[in-house]
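Protein chains: 6
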Amino acid sequence: MAFVNSSPRFCGIRTFMRMPFQSTPEGADVAVVGVPFDSGTSYRPGTRFGPAALREASTILKPYCSVLDADINEMLKVVDCGDIDTIPGYMEESLDAIRDGLIPLFHSGATPVILGGDHSISLGSLRAAHAVHGPVALVHFDAHSDTISGYYGKPYNHGTPFYWALKEGLISPEHSTQIGIRGPLYSRDALSWPKSQGLRIVMGEELHRRGMEPIIAEVLKRVGDRPAFLSFDIDFLDATAAPGTGTPEVEGFTTYEALTMVRAICSQLNMTGMDLVEVLPDKDPSGITALAGASVAHAFMASLASRKMQHHTR
Amino acid sequence: MAFVNSSPRFCGIRTFMRMPFQSTPEGADVAVVGVPFDSGTSYRPGTRFGPAALREASTILKPYCSVLDADINEMLKVVDCGDIDTIPGYMEESLDAIRDGLIPLFHSGATPVILGGDHSISLGSLRAAHAVHGPVALVHFDAHSDTISGYYGKPYNHGTPFYWALKEGLISPEHSTQIGIRGPLYSRDALSWPKSQGLRIVMGEELHRRGMEPIIAEVLKRVGDRPAFLSFDIDFLDATAAPGTGTPEVEGFTTYEALTMVRAICSQLNMTGMDLVEVLPDKDPSGITALAGASVAHAFMASLASRKMQHHTR
Amino acid sequence: MAFVNSSPRFCGIRTFMRMPFQSTPEGADVAVVGVPFDSGTSYRPGTRFGPAALREASTILKPYCSVLDADINEMLKVVDCGDIDTIPGYMEESLDAIRDGLIPLFHSGATPVILGGDHSISLGSLRAAHAVHGPVALVHFDAHSDTISGYYGKPYNHGTPFYWALKEGLISPEHSTQIGIRGPLYSRDALSWPKSQGLRIVMGEELHRRGMEPIIAEVLKRVGDRPAFLSFDIDFLDATAAPGTGTPEVEGFTTYEALTMVRAICSQLNMTGMDLVEVLPDKDPSGITALAGASVAHAFMASLASRKMQHHTR
Amino acid sequence: MAFVNSSPRFCGIRTFMRMPFQSTPEGADVAVVGVPFDSGTSYRPGTRFGPAALREASTILKPYCSVLDADINEMLKVVDCGDIDTIPGYMEESLDAIRDGLIPLFHSGATPVILGGDHSISLGSLRAAHAVHGPVALVHFDAHSDTISGYYGKPYNHGTPFYWALKEGLISPEHSTQIGIRGPLYSRDALSWPKSQGLRIVMGEELHRRGMEPIIAEVLKRVGDRPAFLSFDIDFLDATAAPGTGTPEVEGFTTYEALTMVRAICSQLNMTGMDLVEVLPDKDPSGITALAGASVAHAFMASLASRKMQHHTR
Amino acid sequence: MAFVNSSPRFCGIRTFMRMPFQSTPEGADVAVVGVPFDSGTSYRPGTRFGPAALREASTILKPYCSVLDADINEMLKVVDCGDIDTIPGYMEESLDAIRDGLIPLFHSGATPVILGGDHSISLGSLRAAHAVHGPVALVHFDAHSDTISGYYGKPYNHGTPFYWALKEGLISPEHSTQIGIRGPLYSRDALSWPKSQGLRIVMGEELHRRGMEPIIAEVLKRVGDRPAFLSFDIDFLDATAAPGTGTPEVEGFTTYEALTMVRAICSQLNMTGMDLVEVLPDKDPSGITALAGASVAHAFMASLASRKMQHHTR
Amino acid sequence: MAFVNSSPRFCGIRTFMRMPFQSTPEGADVAVVGVPFDSGTSYRPGTRFGPAALREASTILKPYCSVLDADINEMLKVVDCGDIDTIPGYMEESLDAIRDGLIPLFHSGATPVILGGDHSISLGSLRAAHAVHGPVALVHFDAHSDTISGYYGKPYNHGTPFYWALKEGLISPEHSTQIGIRGPLYSRDALSWPKSQGLRIVMGEELHRRGMEPIIAEVLKRVGDRPAFLSFDIDFLDATAAPGTGTPEVEGFTTYEALTMVRAICSQLNMTGMDLVEVLPDKDPSGITALAGASVAHAFMASLASRKMQHHTR
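Residue numbers (our numbering), protein chains in the order written: chain Y, 327 to 640; chain B, 327 to 640; chain G, 327 to 640; chain V, 327 to 640; chain F, 327 to 640; chain W, 327 to 640.
None of these hints come from the bench; they were simulated from the model.
All figures in this text were calculated on a predicted structure; none of them were measured in a lab.
Wrong hints could be hidden among the right ones.
A pair holds if it fits inside one copy or across any two, identical chains being indistinguishable in the list.
Said to hold, decoys possible - The calculated SDA-like cross-link candidates involving lysine to any residue, where the alpha carbons are at most 20 Å apart (straight line), are:
hint: 1; residue 1: Lys493; residue 2: Gly435
hint: 2; residue 1: Lys609; residue 2: Glu531
hint: 3; residue 1: Lys480; residue 2: Gly427
hint: 4; residue 1: Lys403; residue 2: Pro461
hint: 5; residue 1: Lys388; residue 2: Ser475
hint: 6; residue 1: Lys547; residue 2: Ser513
hint: 7; residue 1: Lys403; residue 2: Leu511
hint: 8; residue 1: Lys480; residue 2: Ala423
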């Protein structure tokens, strides 16, 4: 029996899952890219260090997923393309930089795995996805709907990306779903507008009560075979599993629930990309939030590998 | 659509939920008051900083509760009355100061929301509640029964408040319930005396096994329409959700379970007040314990708002 | 009613559960011993401070277990025998020191409760158990199977103890079970060899899906009345409950699940000893991992007490 | 002898030094005001929580300074005016809000003590000071000159305030001094431009070599009786004394050196106000950085009290 | 050359400097004893865990002091006598317990090294020292004089021990010295009373300005050959060296200054005992405060060893 | 004036000072390489994460050193060569791997800057340096002499590298100096052997008393123009400046003293390489130890740049 490893996992320059660094996505099936931007944060900042923390945490992740029986390395070439430069304190210029930095990735044919950063970056992600794929079906795990039209007299921050995504037609509301929304709201009608647009909002209380299966089925049905995009805010997880985030929320979900749903959904859909946002290392003393975040990205890649296997074996 | 916010939630002097500071409860429906006292602590001290941590955590809590469909700001005037001064190292004088500081709040007609401090303060809370309302039905969430008669040759600390509350007739045992009691005990008969007084003790193991519904029903039935008081020790929660407490306990409960029960119970009862105790910021590096504690107080206020709505709409 | 305590639990030299220190196990039913060794760690080291952290956490554990209705102090004489000296950086010499240090404990008739240290120490534990009891039935809670044959060209580290235990005939595979294995693996066939030896591996996903009862029943049946050994890696627990460990794993289990299974299994079997490994205090800022670990040892002792009671009352 | 205290210092709503909260500075000699803004941060963000941390740390500061033999409470009425609202992610709008919020304070006759926030806020502070007092003599303690013209293609962040202050004529360079500048620079001529404008830059190495006395004398001479403004970046202190800041610097100064210089300088000058910036609580686990910052503000107030005493007794 | 060590220093039950545990001081020259009491704390509590932290930190201290050329193990038999039980929340009963627990140690002929706890315990220490030795000359390193007569209407806490020691005649003021007093005071005449009793107070500013030598000489001269007692509050050290304490103070002293003075003074005097107080582990994430505290105790023991050597070789 | 930066310093894959990653040192003047090995640690492990922490901290270091008036980027091509793989728990095999990994770097003509790892790696560093340069003059900053012959019956760990370096003739003792040695020792003659070999040991106490200048002069004189090697153990610094290390020592030195000495010495000598060891991120919550360590490497590179400038301008 061969020895499995010649290099301890704590060795080497930190790239995601110790994959090769490559400044462009040439030849890759999956391109990991960081967007270390947190000027859209309304409470505790610091997610600009999210990509570094996710890379650190990912070093212990190995390629084979036993739940999906899929080996990432066997089916996919994954590269780490580094980070997109943004400008702290300049929201709108940064959104442009994110969109402009991501469009070539979406065009390359590689599936982007985008590591935030706060949730404001998703507007950049979706503008880029839309530029290549047209309106996408959003699969959105979060404690917060992020569909407010503005804060403090200004349009863009991490509470508004999906308001603008809907307004700009970047996502197709009737095929899109938000899952896990919970916690105190500003008012009774805070969610009226996105619902009126056709967005399906699965409140946390509903998910707790009904369980995962019907929700998975509903998401698969809503999306169908359209191009889909996964946006995963780490605060979908309960505050116990994601203490390291800007606005943690109680009454949330376990990593078992999160990863089971991501695997069940993404391995059955036509995923164009994903972002994983709101990991805040300064409030994550043991690194479990970053580990959970890296595990979501791993589950997504394993889903891509599983789907490719399904197609190969058809 | 109007912008929802003109002041970022991290701005301003810290009061509970950013409510107005007012040294007396005049005109208020709910009076939040801190009792920063921890000389009754038998293991890790520091809950004297609990009120400050709960105020800090509460700044992100917004007024509307979607589970109860109740808006705190719409139905209630909430004020923060600051802290009651106590004397570190002088247990009995401090209990007097707590009682004397709380009686005017109970008399004012406002419902007190008392932020501890360790659990020894509940003897002061209940002495004040009793002075105004007579014996109350206790709804007590905790890992520990706190019905020991004394420690180290002395009567008062955070393991004894309910022994003395029973002895002094402050609570009505046949209408009172302790929920979530668990963990190693000093001896087989540690809980015999309180049970013999008529107190119902729902062990943690029973709650895990039977689920929330029957327990909620039993509590509602035991209390009926009597004046009730909620005492919530944060260590009712599992150590994962409440690492920041003096004697954390494993095998505990999630915030979803806790808040669901608090909302289900308190929105149906005649609540005269509550205390939230044992939040210890020094062991809470990510603030999730304080957030959970502030969320319990929020759920309690939302329950008051819901009950007021029910009465209005009858 | 007598006062329960004359010495606050934070007082005194730290021994496990404040039990007497005794350099040899004479006259004891249970001998707690630390093995502060972490040179077998492949990622984050520091479990050499595990025994000290477990002793600190254990000071709040009282003797009576209400779930099993068993009092440790009533049924058992427990002593703390201090630590076994090992040699950092010298793997093989340290394994010898562990075996040589433990054999007298196993011979003494006391049941050893061994506090690690990383999981590499279990090879020492099992070599000692085998020297006295012959092949044992392993009851192994863990996120990782630890049955790899070697790392980086060398045979021994914390990922290999059960490979060598199987190879050396220290455990009886057809009576042994691994429970909770999960997370990304090096390859599809990483677990083929141990399965081919007859080891039963209950994947985490299976335990989540089927629940505890059938697994408990299966373990009890596999072991029967053979001498058994409990090896509990703290990362069986979810990363939320065990952040303080070298390679935390998401999608894990609660302390309620862990302790329920340990009590249900160990109180029905002929346990020759146990080890509790991989508690890493540096990543455990609130001490909840050490508390969970100490609680596993407590549940094991309560199980011994319960079993002794069963035999007495037969 | 009377008891000195009736309220423990850990009690009460947190205001600076437990001074009264007052939304406007009416009747005050000193108006403390927070500017919780950090969108100008080029490395680690989080100073938006600086004002809260400084208030918390200040609760242990008592009114009498034995070095200056001056009692703050005796000579001055100090109030805490709360925080100025800014807009995360919108640099230029926030600078306007800061200036507009501060001008009324400068006009009121109270001396503003401004608590940051990152150093970008000083451009707002100086614009407000200038609106009332005209060009001021800057007394600037810092590791960094902050006279770069822009970053990442944009003009404003915490590395540029004094470039723009010079460009806009807000400070009078020939009467202004920067003290403690050190650490690696972008290039040999990074400081050429500000020096060419007449600014005196005392490098850290010079201060270490020559000691405090000649520098104090030089500053006093340069300022004379002009209106002066103190801008104190906490990273003037060595990283050991100010670990809690965004870009800590080694080879810095002790709190004894800092406070001695502040007291010696400010008690002899006509100070129009001060700001204390770059305290980052997330990297300040023991709170010593916030304590040092609050102590600088205390030393400044004691200097005002001392100067008022000098004038009274003339 | 022999190998110096057979047991790694991280192994074993934690006693001070790994010295033998012995419940009584029989046969010992030095008896280390913990007093885990913090109910006298006016700000941040938690020093009840000071003795445990000091023992942990002391495990790396070896016996030979090169500055004094003295070997502790060669000259002295040191034992660790464990902790004295106190009663949280009961100040006066605890002071009695401390005095009663210490008197036998002072009587035994061993020199007590007392590990606090907060500074209120020194009243107990001095009452015990006085019972055996009569009034002692106090050598007191601290940021605070602790000579206030009471707080919040009550006489005893950690700000009052030396008021009562003077009142009760436990110390001889004309032979006693306080060194390092600094920081804001309640009022101009806060130190008038102790000075009027004859106590010499060396303010921190004086020590910074004049240096160590004249102060050492003055202390030696004031004490002469009377029985002396060292009380060392860890906040004598600057907040950078002692972040882990209840009321840290800036503008303090280095460990080099502290240990140099302790060695220079104690090796020349007739020391009857010492206490080391106010180490607060919860604010000491890297353990440097506990290490500094343990090093003070080590310097004291090395001084005793040095003095014994001097006497032997006379 | 051009904008100085197009990429914020928190962006991008972490390499030392954001220098290019290059697996071999071709064309480089300086080759940074990590040795993440800590199995030689006798107390707190975890320095295997030192290289990652040093890279993270180094991202804020800019190229120009104003003290030496030298620009690293102008004079030198610096590359980051990643890490050398070692084998946890296998001391001797790892020393071989380190030597074998470093020899090509020394041969390449680039000056290696080696980032540890614990101090045991220096035996590997010196074996490699010796293989290329013959015996080197050691310039060694440390709190500990590390010249013990063995621990626990085994020859190699972080307390023994210079014993073996002397024994193997890797360093030339009469040209070598240890600076800053302090703290308790095992015995009076712990340093006799290295002194007898001709090594000059400057005790910490001597450096405090005499100041830096005579020591700098002595080192320069002892080395002359021989090939020299800098070994810098971060615990040369006081525990306040280097809390993040395995065995911190009090009574140490400031970063100003350390960097001043490194610059003064290394800019005048023929340096063949350096190592920077014992940075332990787990005990470095604010990152100041890693920053200090990275700054030592920066000062070393600036010294190389300065020396190259001197030669160019001759």
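These are the hints, each one checked on the structure:
1. Proximity of Lys493 and Gly435 under a CA criterion of 20 Å is satisfied in neither setting, with 27 Å inside one chain copy and 48 Å between copies.
2. Proximity of Lys609 to Glu531 under the C-alpha cut-off of 20 Å is found in neither arrangement, the shortest distances being 26 Å within a copy and 29 Å between copies.
3. For a Cα distance limit of 20 Å, the shortest separation of Lys480 from Gly427 across copies, 19 Å, qualifies, whereas the shortest one inside one copy, 24 Å, does not.
4. Taking identical chains as interchangeable, the C-alpha atoms of Lys403 and Pro461 are never at most 20 Å apart, the minima being 27 Å within one chain and 45 Å between chains.
5. Taking the shortest alpha-carbon separations for Lys388 and Ser475, only the inter-copy value of 17 Å comes in at or below 20 Å, while the best intra-copy value is 41 Å.
6. Within a single copy, Lys547 and Ser513 get their C-alpha atoms no closer than 31 Å, and across copies no closer than 33 Å, so neither meets the 20 Å cut-off.
7. In this assembly of identical chains, the alpha carbons of Lys403 and Leu511 lie at most 20 Å apart only when taken from different copies (18 Å versus 43 Å within one copy).
8. Taking identical chains as interchangeable, the C-alpha atoms of Lys480 and Ala423 lie at most 20 Å apart whether they share a chain (19 Å) or sit on different chains (13 Å).
Taken one by one, the earlier hints fail for this structure at numbers 1, 2, 4 and 6, listed in ascending order.
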